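Each protein sequence line maps, in turn, to chains A and B.
Using my numbering, you'd call the opening residue of the first sequence number 1 and step up by one each time.
Using my numbering, you'd call the opening residue of the second sequence number 1 and step up by one each time.
Just so you know, these hints were derived from the structure itself, not from any lab.
Where hints are given, some of them may not hold.
Rough simulated footprint, nothing fancy, chain A against chain B, three-plus residues with beta-carbon under 8 Å [to be verified]: (1) 35-47; (2) 166-175.
To be clear about the criterion: a stretch of chain B counts as covered by chain A if any three or more of its residues have a C-beta under 8 Å from a C-beta of chain A, and this derived list gives those stretches [as the list claims (entries may be wrong)]: (3) 56-62; (4) 86-98; (5) 110-124.
These numbers were taken from a predicted model, which means no experiment stands behind them.
C-beta: ideal position from N, C-alpha, C; glycine also.
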Amino acid sequence: MATTMDHQIVEDLKAAGIDYITSVPCKQLAGVIEILEQTSNIMHMPSNKEDEGMGLCAGAFMGGMKPAIVMQNTALGVVVNTLATLIQFYQIPLPMLISYRGEVGEPVACQVEMALHTKAILNQLHIPTYHFHKPEDAAELPGILEYAQMASKPVAILCDASFWRASA
Amino acid sequence: MIRNDVFKTLIPVISEHLVVCNIGAPSQELHALDDRASNFYMLGTMGLSSSIGLGLAAAQDKPVIAIDGDGSVLTNLGTLATIGNNPQGNFTLLIIDNGSYGSTGDQPTYAGMKTDLAAVAKACGAETVQTVSAEDTTEAVKAAIASDEMTIIVSKCESGNVAVPVIKTNPIVIRERFMEEVRR
Numbered sequence: 001m002a003t004t005m006d007h008q009i010v011e012d013l014k015a016a017g018i019d020y021i022t023s024v025p026c027k028q029l030a031g032v033i034e035i036l037e038q039t040s041n042i043m044h045m046p047s048n049k050e051d052e053g054m055g056l057c058a059g060a061f062m063g064g065m066k067p068a069i070v071m072q073n074t075a076l077g078v079v080v081n082t083l084a085t086l087i088q089f090y091q092i093p094l095p096m097l098i099s100y101r102g103e104v105g106e107p108v109a110c111q112v113e114m115a116l117h118t119k120a121i122l123n124q125l126h127i128p129t130y131h132f133h134k135p136e137d138a139a140e141l142p143g144i145l146e147y148a149q150m151a152s153k154p155v156a157i158l159c160d161a162s163f164w165r166a167s168a
Numbered sequence: 001m002i003r004n005d006v007f008k009t010l011i012p013v014i015s016e017h018l019v020v021c022n023i024g025a026p027s028q029e030l031h032a033l034d035d036r037a038s039n040f041y042m043l044g045t046m047g048l049s050s051s052i053g054l055g056l057a058a059a060q061d062k063p064v065i066a067i068d069g070d071g072s073v074l075t076n077l078g079t080l081a082t083i084g085n086n087p088q089g090n091f092t093l094l095i096i097d098n099g100s101y102g103s104t105g106d107q108p109t110y111a112g113m114k115t116d117l118a119a120v121a122k123a124c125g126a127e128t129v130q131t132v133s134a135e136d137t138t139e140a141v142k143a144a145i146a147s148d149e150m151t152i153i154v155s156k157c158e159s160g161n162v163a164v165p166v167i168k169t170n171p172i173v174i175r176e177r178f179m180e181e182v183r184r
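Produce the complete structure using the sequences and hints provided.
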């Protein structure tokens, strides 16, 4: 079931002019994805893997749309090359709404392994990174979305279990 | 016919359209034969030509031709399911299927063995999928561009590359001039 926070996130995306979103699901993102499916001003085109999704976003951007990707942090292990040689090399603005699995509140031990690498990978790639830990952190989202466009860069928004739990 | 021969006959048909071209030898050969602002050359990221093409086709109305390779499609096989389930009438995916990884030394791909990419594309939900000879490729692409149906064309050609320089154009220049063509 989508929460008020899920609705707010999608409203902020719409208000920022985001009109194309690809997603690979995560349990924490289920509410956002559910709303995206019902949002007529956003074209939602799910992808099978996040690098594929970034290709779709690059194409949509060159076609005049404002894309974003919704994905899980584990996928940062998949997309390093695509971020460096497509999104960054061609300077494509790309907000990445990322569920930050493996943080406090995580029930699945294996998720911790990629959580440990998440910020290190983003730092290594020099990707502006924001961490939503408390519901009030989400107030920054409109500014972050604008920043991604201004800078023509990928931007990571990590949303952890505490954020989703407190927002429920 | 090798890829470069197919390109020679294809150029009059695609040169006025938006073309997304696969990394390595395909982009370099197209660039050497007919460099145009309406060509988006992939300088990195193997496998995403079809994805970029689909996103571009979905975002605007002009015809889009994505040139991909059998090896590149194999590296991003999920793309065929995304394409099959999100058909865009202005989208043509041309898979140059020479059964080899041309840019890396012509190592054989599974598409040159038992894997039939056209059958995979159909199984993924794409409705108009054609396997054509290298000689028939240009006519097939011409018809696909003229039609309102999304078409996937698997062009069976011989393995081989020609010696051409790498692309030195700045990626932002490639992207900016391409986007101007999109807006034109």
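- Establish whether the coverage given for the region 110-124 of chain B by chain A is satisfied; the threshold is a Cβ-Cβ distance below 8 Å, and no fewer than three residues must meet it. Violated - the region 110-124 of chain B has 0 residues with a Cβ nearer than 8 Å to chain A, which falls short of three.
- Query: Are 3 or more residues of the region 35-47 of chain B near chain A, judged by a Cβ distance of less than 8 Å?
  - Reply: holds (count 6)
- Message: Please verify the coverage claim for the region 86-98 of chain B: does it have three or more residues whose C-beta sits within 8 Å of some C-beta in chain A?
- Response: Result for this restraint: violated, n = 1.
- For the region 56-62 of chain B, do at least 3 residues have a Cβ located nearer than 8 Å to some Cβ of chain A? holds (count 5)
- Message: Cut-off 8 Å, C-beta pairs, minimum 3 residues; does the coverage of the region 166-175 of chain B by chain A stand?
- Response: holds (count 4)
Consistency note: the structure conflicts with the earlier hints numbered 4 and 5.
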